[in-house]
Amino acid sequence: MSVDKTIRHVKALATGIKYLVSSKRMTLMYPDEIEEFPDGYRGMIKYNWDTCIKCGLCAMVCPADAMKMYISKEESEEGKKPVRRPGINYARCVFCGFCVAICPTNSLKFTKVHDVVYNTLEEQVYPPEKFREGVPKPQYKKKPKKMRAILDEERGLRYEPVE
Amino acid sequence: MSLEERELEVLIGPQHPASGHMRMIAKIDGDIVVELRPNIGYVHRSVEKLAEAKKFLQIIPLVERPSLADTTANNLAYVMALEKLLGLEAPPRAQYLRTLLAEINRIHSHLYGLGIHGVMIGSSTAYMWCFGDREPFIELAQELTGARLSYSYIIPGGVRRELPSRFTEKVEKALRYMENRMKDYFNLYLNNPVTRARLEGVGVLSKEDAIRLGVAGPNLRASGVPYDVRKVEPYAAYPDIDFDIITEKVGDAFARVMVRVKEIQESIRIIRQVLKKMPEGPILHEKYIKAISPKMREYMKETGEVKFPGIFANLRIPAGEAISRVEGGRGEVIFHIISDGKMSPYRMRMVTPSFRNVILFEHLNRGVRVADIPAIYGSLDYFPPEADR
Amino acid sequence: MSLWSNPITMIFLLSSTLSIIAAIFIVYHKSIVYSAFFLSMLGVGNAILFALLGFPIISLFHLSVYVGAAVTFILFSVAMLKEAPSVEPPIKALAVLSVIILTIILIKVLSPFSAEPSFFLNYRELTSLLVTKYWFALIVAAMALMTALIGAITIARREV
Amino acid sequence: MQDLLSFLISLLFRPCIFIPLIFPGLTVIFIMLLMIIWLERKIAAKVQLRYGPLYVFKPLGGVIQTVADLLKDLFQEPIIPKTVDKIAFLLTPIMLFGLAYLPTVVIPVSPTFYAFRSDLSLLLLLTLTTLAPIFTVLMGWASNNKFSLIGGLREGYLVISYEIPMFLSALSMAVLYGSLDLVDIAEAQKGIWGLFLNPVAGISMLVLIYMSTGKFPFEIPEAESEIVAGAYTEYSGIMYGLVMGASYVKLYVLSLVYAILFLGGWNPLPASMMDNPLLPGAMLFAKAFILIAIGVFLRAVYPRFRIDQAMNIGWKMALPFSILAIFISLGIVTITGGM
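Residue numbers (our numbering), protein chains in the order written: chain P, -15 to 147; chain U, 7 to 395; chain Y, 5 to 164; chain L, -18 to 320.
Do not rely on the hints blindly, as some may be mistaken.
[As the list claims (entries may be wrong)] For each label pair, taking beta carbons as the anchor points, the in silico distance ranges come out as:
| no. | chain 1 | residue 1 | chain 2 | residue 2 | range |
| --- | --- | --- | --- | --- | --- |
| 1 | L | 316 | Y | 137 | 42 to 48 Å |
| 2 | L | 35 | P | 98 | 20 to 26 Å |
| 3 | U | 250 | P | 95 | 42 to 48 Å |
| 4 | P | 127 | U | 297 | 42 to 48 Å |
The set of hints was computed from the structure by calculation and includes no laboratory data.
The beta-carbon is built from N, C-alpha and C at its ideal position, and this holds for glycine as well.
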């Protein structure tokens, strides 16, 4: 057992004890505390019914075929060309944000909602009418505390409550 | 009795705590591994064939998925190949932003590799620390691009978002945090005599073998071959940044780990230079800025979010052939695109570093002990989906 | 009925039946590994019998050296080899016959001696006896063990 | 009815019942088992900057998490694979746990309160601990699974490399105190503890205890990343609970022995407190608990050795050190004419 090895053993144990007594913890207790994301976070998408010019670019660019053009019944009369509006299928969406970026009238917007749970696959499909109602609210059992992630020199990531 | 009877064939298969999504067929005599054959293909998703059915822009998220811990390398290599075919250069500021994201991604991809390797040789603390320390860098990338891992941040002609406000301070804090954490890593894990005993002299890859087998990335540099695409064929902002190639001489498992640890420290240096030398200017090629409606150009100036021109939906790439190479976290990523002027590529060839490192399983595991199999597997930073594509 | 209620005889009966059953299993069990295991059960049975005879030292040494070390060696070296075919004894009748004859002779020869231990062995006296009276035998035994150890190491070394 | 009850209680407190059943025996083992597994996960969590078990009983930090695990094990269906030799597969966990628990009979609680005292009690205790590995090797063979076979064989390899040095370093203390009786050894350490008299034996015995029970740098028989769960791969339900508990019980027993041999058992207590067994027992348990906590803390610090490296340590370092320890004891005995 060379001396150098014993020193390294002692150093390893000392670091272990150092962390044993320091009360630093990285965990964010997810259901009780939720992270307040910076704006620009690519969450679920909000659709603005009025400003949409029904150009179909978002359906064309979507890499996962999540955004499709549906015939919206209210506006299309018989005989005339049917009016198509975009609808999203969150089972396929990869949240890449191409549709939001390509929309010429900014009628597709990102929200910070990301943790919504569905029971069936069909619920995840949002035809235009449903898409219009906006993004579903995540249901938490207990009202979670909103925390913001702060980058910190000693602790890497620290979470501060946000009012 | 003859060797056959004493030999035991063990399938360290896809369903095993330390095998990842692949199977290793090991012939074991007592505690010595006579021969180990990797059996890959469990997560093959035929990215190359899929790419032929998608439009050029839709391939960006597809191409990032196989190597999920290090997506920027694939994204950057693919878009550089497109830009060669389109014959346009991204503006300098966009080049710097691409390098910034590539280096942040390299740091947390290396931490991913080190963490997985730690738990494979038994140190759950190294695993928890590495995965915990990835979070600050993922948070930075999330603030810059909006997503945690699959950024799709780089588009033909530039990047998609401007630097958020006070981003440089946050990056500086995260880098300083990583620097003083390195001391604890060295004390508890890297200099730990048990780690040294498990890694030194294990799975030695000589320089000639490394070159002959066509190994890529830190595994190559750990055997003393100073080959790094960022220096050999500089791209993005690397020509104006001074950094050196990290190499080790011995080429054993510990050398590979040390190359990754030192590359983290090197990336920290690079990020600081990138943020200091970042020039002002547009982040999208003016040919595409002109193609956007003036209202949207206003919006872009206000929010710093790039809007796509309409033609991106059906981008036509002029017929031709282009090859681009990028140094990803795990090694050299090569893209070879052949387009025949239509909206989808005629053929897209994607060579990933893990695919080139698979040969090492068979080469390095001859005559080692059973307990060395996970030690060598982890030191290669092998990512099965990236190899199977 | 004092014979049955006396705990010592109860333990004696238990351990002897354990030994006999273990011995039978050693011979008749198909797989070698299980017969090696029953060898250790035999060792445990014998150790209890030694203790009953009033020699705790020997029973402990028997237990730790024979069962703890030797049989563990045999067990895992046998477990390493693939299943070697177990040899069926050609003439079963002859084996059974010889066992019967042996038991008859033993009863005839040993019946006059009682199972009472003639002297009580204390390990202090044992050691002083060994060192003073039988010191030469001790050295020779030590030498023999040493050569066996060195022999084993050389064989092991050459093979690895 | 009243005297029957009081007779039963007095029966319970008679040493030959109390020791195997209560203190070093069954009940304290189960409580200690649950505590240690919880402590191990908590310590590892703290060092790794996370919380560890928390939600089962939040105010106390998830203390009864292991009770929940035990209940889960109890009600989990013990799956017995078809290709397995049933009798051996079912018998070995019970024998393993029984043998791991058996040596507690010999451990005295206080000079006057012991279940079994003979002038060979240390030798008997060490011998009983050598029987357990046979069943681990058999378990590896009976589960008819390549990983458990390798796990069982590794246990076999490890046994040879730690058993002899452990015997020697334990017996070096017997040489020092001139008797194999645990009570005498503990009594003789009134002045200085054995550890300070013969530190070489102390350190080598401690390392060997952690090697024999598979604590962290030597967690080789059930190395997760190489051979899934070693000899226990095919087990589930309470059988897995028993088998996993057996190595912790062995650690507990060997820590108690270490406390008696090297840390003076119940020693700093003055003679007046010796009458009721509670105080010396508590002192003994406290020392053993500290040793167990150290052993459990190693999980957070060390990766795993390879089997050949562990055997090298056993043969090339622990054996010479334990032989040296014996000579040190002999030296001390000749100089001071026996303690």
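We went through each hint and held it up to the structure:
1. Taking the beta carbon of each, residue 316(L) and residue 137(Y) are about 28 Å apart, not inside 42 to 48 Å as hinted.
2. Checked against the given bound of 20 to 26 Å, the beta carbons of residue 35(L) and residue 98(P), roughly 25 Å apart, stay inside it.
3. Judged by the Cβ atoms, the range 42 to 48 Å given for residue 250(U) and residue 95(P) holds: they are separated by roughly 45 Å.
4. A C-beta distance of roughly 47 Å is found between residue 127(P) and residue 297(U), which places it inside the suggested range of 42 to 48 Å.
Hint 1 from the list above is the single one not met by this structure.
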